[in-house]
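Enquirer: Chains as they are written, first to last, in our numbering: chain U, 32 to 505; chain P, 32 to 505.
Do not take every clue at face value.
[Claimed, not checked] Think about it this way: if two alpha-carbon atoms lie no more than 27 Å apart in a straight line, the pair counts; the simulated DSS-like pairs of lysine-lysine are:
#1 P:117 x U:50
#2 P:70 x P:494
#3 P:117 x U:143
#4 P:439 x P:494
#5 U:143 x P:494
#6 U:117 x P:117
#7 P:143 x U:68
#8 U:346 x P:346
Note that these hints are calculated values from the structure, not bench results.
What you are looking at is a predicted structure, and each value in this text was computed from that prediction instead of being measured.
Spelled out, the chains give:
2 protein chains.
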Amino acid sequence: MSFLKKISPLLKNTFLSEKDVLSICAAQIEAEIQQGKRKNYNEVLDLSSGDLHRGGTKPISFVRQVLAACFYPELLEDDSLPLDVKQRAECLLRQCDGGSVGSYTDSCGIAKIKQCVTKFITRRDGGVPSSPDNIFITTGSQMALMFMVQLLVQSEGSGVLIPVPTYATFTQALEDQGAAIIPYHLCEEQGWTLQVEELRRALHAGRRTCNPVALYICNPGNPTGHMQSRKSIEEVIRFAAEERLFLLADEVYQSCVYGEDTEFESYKKVLSEMGSTISGTVELASFNSASKGFMGECGLRGGYMELVNLDPAVKEYTRTFFSTRSCPPVGGQIALDLMTDPPKPGDPSFPTFSEEIQSIKNMISKNARRIQEVFSEIQGISCQPLKAGFFVFPRLHLPPRAIKLAKKKQMEPDMLYCLHLLEESGLHVRSGCEYGQKKDSHHFRLFVATHEDTMEDVLQRLKTFHKRFMMEFS
Amino acid sequence: MSFLKKISPLLKNTFLSEKDVLSICAAQIEAEIQQGKRKNYNEVLDLSSGDLHRGGTKPISFVRQVLAACFYPELLEDDSLPLDVKQRAECLLRQCDGGSVGSYTDSCGIAKIKQCVTKFITRRDGGVPSSPDNIFITTGSQMALMFMVQLLVQSEGSGVLIPVPTYATFTQALEDQGAAIIPYHLCEEQGWTLQVEELRRALHAGRRTCNPVALYICNPGNPTGHMQSRKSIEEVIRFAAEERLFLLADEVYQSCVYGEDTEFESYKKVLSEMGSTISGTVELASFNSASKGFMGECGLRGGYMELVNLDPAVKEYTRTFFSTRSCPPVGGQIALDLMTDPPKPGDPSFPTFSEEIQSIKNMISKNARRIQEVFSEIQGISCQPLKAGFFVFPRLHLPPRAIKLAKKKQMEPDMLYCLHLLEESGLHVRSGCEYGQKKDSHHFRLFVATHEDTMEDVLQRLKTFHKRFMMEFS
């Protein structure tokens with residue numbers, strides 16, 4: 032029975048991605064080390080994913096204590112847990128049917144947690160109101176994003192503007208939803224800023240082949256580490272208003288901001304302050320997650336989306352759509368509750384909580400500074416100012432002979448670089464070609480949120496490797 | 032900006048479902064009771080969902096202890112937790128990057144847990160081999176099912192055969208994936224059996240309007256409580272082979288079997304024993320979940336799918352597809368590990384574990400017997416033998432005057448019945464019209480897995496109400 036034929040249009044994408052190739056190589060090297068094979072290093076350092084705990088950061092105690100008490104309420108009798116942990120767990124369990132996190136919740140999330148989220152948003156946005164009706168809690172923010180895209184691209188040939196660079200699996204997932212991809216380039220030379228002229232160029236180019244319906248923005252950016260200024264956000268919103276584009280604002284890195292004089296402003300906040308013609312009309316979905324903040328709880332799968340200015344009938348449809356799906360995991364929902372309503376001064380858990388958060392913030396800021404210091408000294412690497420998020424995306428200025436060799440091996444030059452880096456120095460990073468980049472420009476992506484000592488080791492290995500690599504091919 | 036126009040084809044389905052109407056009414060009544068309004072009852076009894084914990088069943092201690100220790104590894108030092116709980120938690124944490132359940136896992140699930148699942152399947156199927164390569168762990172089994180449907184209905188006008196009755200949100204979700212629905216009727220008179228002649232009729236009818244590609248079976252059945260015999264499964268498989276249909280076997284109620292002389296046999300097992308022409312060709316995806324077994328962990332969202340006989344390229348595509356999505360929640364994955372590899376005789380947790388499971392089994396069996404006893408005595412209700420699953424779907428033989436009134440009120444007769452039942456007796460059940468049923472037949476769906484005393488209360492309320500309702504309208 033040839034089921035294969037039926038799905039052949041999709042199969043064109045069945046191949047190992049660059050990410051897979053590097054992961055497979057990393058696993059092979061690790062296996063070799065375990066088998067006693069000698070290398071220049073004792074272990075592979077994995078800077079390939081955006082995962083705080085994988086990078087060695089310990090989970091936030093308050094978060095894990097509340098989760099443990101929710102899953103095993105016998106712990107509510109345990110004297111070793113702080114009072115506010117127990118109170119929070121009791122409060123959350125009261126929201127669960129049968130007092131159990133094992134029960135289904137409403138498909139859009141537990142009402143009390145949605146309320147928590149709205150209060151968090153209102154606080155964040157300096158008082159701009161937020162309503163639980165507009166909040167949809169989902170199995171990670173990506174699920175909500177994919178749903179919105181599915182909704183927006185109902186008619187054939189609908190296009191979504193997405194930045195270059197952006198992560199390849201995301202582009203693939205959009206295509207799986209039936210979206211035509213319209214790439215717009217971020218301006219590396221100006222710190223990976225988003226320029227409206229480029230959006231306009233991309234839109235007009237896109238209109239020749241599809242019907243652009245939405246504009247996706249990732250702010251703060253992955254993989255660029257850039258954060259938009261207020262002025263830039265205003266320009267984008269005005270552009271969306273003029274061109275009648277739906278705005279998809281991926282703001283999952285909003286709490287991870289460390290650039291000097293840099294403060295996160297949400298699309299929703301900026302939109303609300305742009306005068307009623309615009310603020311009351313531009314349709315916006317913004318996304319946030321428990322995975323990418325300082326709590327880094329990727330494995331719990333908790334995200335949410337807030338809808339702004341949507342037609343009530345569309346919002347109702349969205350609700351109906353979600354009601355045909357099972358609820359998001361309760362553990363992820365709890366993580367969102369704790370993220371949006373953390374311990375306050377005076378609460379028993381507050382001192383430990385704020386100490387843990389501060390230590391993660393310090394680690395990331397320190398790493399960001401060190402990365403820029405070191406990269407500024409390395410010939411053949413240039414790096415834009417790092418302002419926010421979990422990644423840096425430095426540019427590689429590779430010698431022609433390296434590029435020639437890569438061509439011969441039928442791979443992208445930065446992939447060649449990353450493979451050599453992995454093999455020779457045990458550093459597992461991601462190759463720029465996975466993200467899309469301007470022709471003849473080469474990059475790699477490095478996770479910045481790992482322990483300071485590990486980062487120092489990473490930078491030293493990278494420096495040594497890079498020098499040798501450049502020598503070999505110059 | 033009229034985003035609405037763009038999605039108008041979908042909006043036809045934006046209305047309150049029967050489920051919503053009953054839920055809203057139930058909430059209103061509960062609010063009235065809280066405000067002191069007098070009713071014939073003190074509380075609404077909710078038998079509307081298939082949720083063990085919501086129905087009052089306590090979570091399995093072993094499951095929750097392991098989860099708590101995984102979320103908060105400080106508990107590994109706690110003397111009050113059994114040794115096997117700690118060992119299991121330690122083992123699971125070793126499978127997690129950074130030793131944290133907060134890290135992403137492989138998109139198809141943790142390798143060790145997939146192995147556990149295959150061992151469970153092989154044991155269940157009397158030795159039929161199962162490979163981790165064919166196992167996809169997902170955010171609940173529905174997510175896997177929706178993915179398979181999306182894959183199968185790539186070309187416009189692809190149809191999926193689904194049973195009547197079946198739950199409405201499922202039908203809706205299939206339509207959202209672009210599937211044309213081809214209903215086949217289960218034979219109520221013969222105990223809700225699945226008859227191949229009816230499948231054939233439905234298929235031929237379906238071929239007039241679409242291209243049938245897959246056959247969905249729910250065994251044991253929701254809402255019918257029926258379980259297929261081996262002979263019936265063989266017939267269905269032969270039919271699928273002849274008609275070149277992909278089999279989607281929803282087997283989430285497989286562990287909940289209580290009919291006399293009734294034992295669950297999986298589609299995969301039966302298929303494997305049908306001779307190589309059939310056993311090597313019929314494509315099958317089967318689904319299971321941590322929500323519907325005796326552990327009832329719906330809120331954790333852990334399910335899996337096993338693929339049989341799929342073209343390697345399609346399987347590879349499936350893997351690629353999943354790799355563009357984030358992983359299933361780690362809590363749900365852990366639940367699957369514990370479900371498929373429970374404590375064994377001799378393990379410290381075994382006595383409590385088996386006692387808890389046995390008590391749930393006893394409760395459900397006892398309720399099933401009582402329901403059938405009581406229903407057999409009530410005039411105007413007929414009920415097929417209950418064999419498995421969480422639900423009973425009795426038929427209502429309503430007086431013409433009740434049917435007339437329902438018509439006048441523009442609702443289905445069983446909806447009228449359920450609304451009256453809710454208002455007068457405080458019983459919240461689901462109306463048969465939600466599930467689809469043969470013309471002029473009426474039903475309701477009742478959750479069987481609630482505490483024995485509650486069930487006795489339910490049955491007494493129902494008996495009294497039904498008598499009064501029949502009198503009023505006769």
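Enquirer: It remains to establish, for every hint, whether it holds in the given structure.
Expert: Do the hints match the structure? See the list:
1. Of the pairs offered as hints, the one joining residue 117 (chain P) and residue 50 (chain U) is violated, with about 35 Å between alpha carbons and a cut-off of 27 Å exceeded.
2. Under the criterion of a C-alpha separation no larger than 27 Å, the hint pairing residue 70 (chain P) with residue 494 (chain P) is consistent with the structure, at around 17 Å.
3. Taking the CA atoms of residue 117 (chain P) and residue 143 (chain U), the gap is about 33 Å. The hint is violated against a cut of 27 Å.
4. Taking the CA atoms of residue 439 (chain P) and residue 494 (chain P), the gap is about 26 Å. The hint holds against a cut of 27 Å.
5. Among the hinted pairs, residue 143 (chain U) with residue 494 (chain P) is inconsistent with the structure: their alpha-carbon atoms are about 37 Å apart, more than 27 Å.
6. Pair hint residue 117 (chain U) plus residue 117 (chain P) holds up; C-alpha atoms about 22 Å apart against a cutoff of 27 Å.
7. Distance check on the hinted pair: residue 143 (chain P) and residue 68 (chain U) sit about 26 Å apart at the alpha-carbon level, within 27 Å; holds.
8. Restraint check for residue 346 (chain U) and residue 346 (chain P): not satisfied, since their Cα atoms lie roughly 36 Å apart, outside the 27 Å limit.
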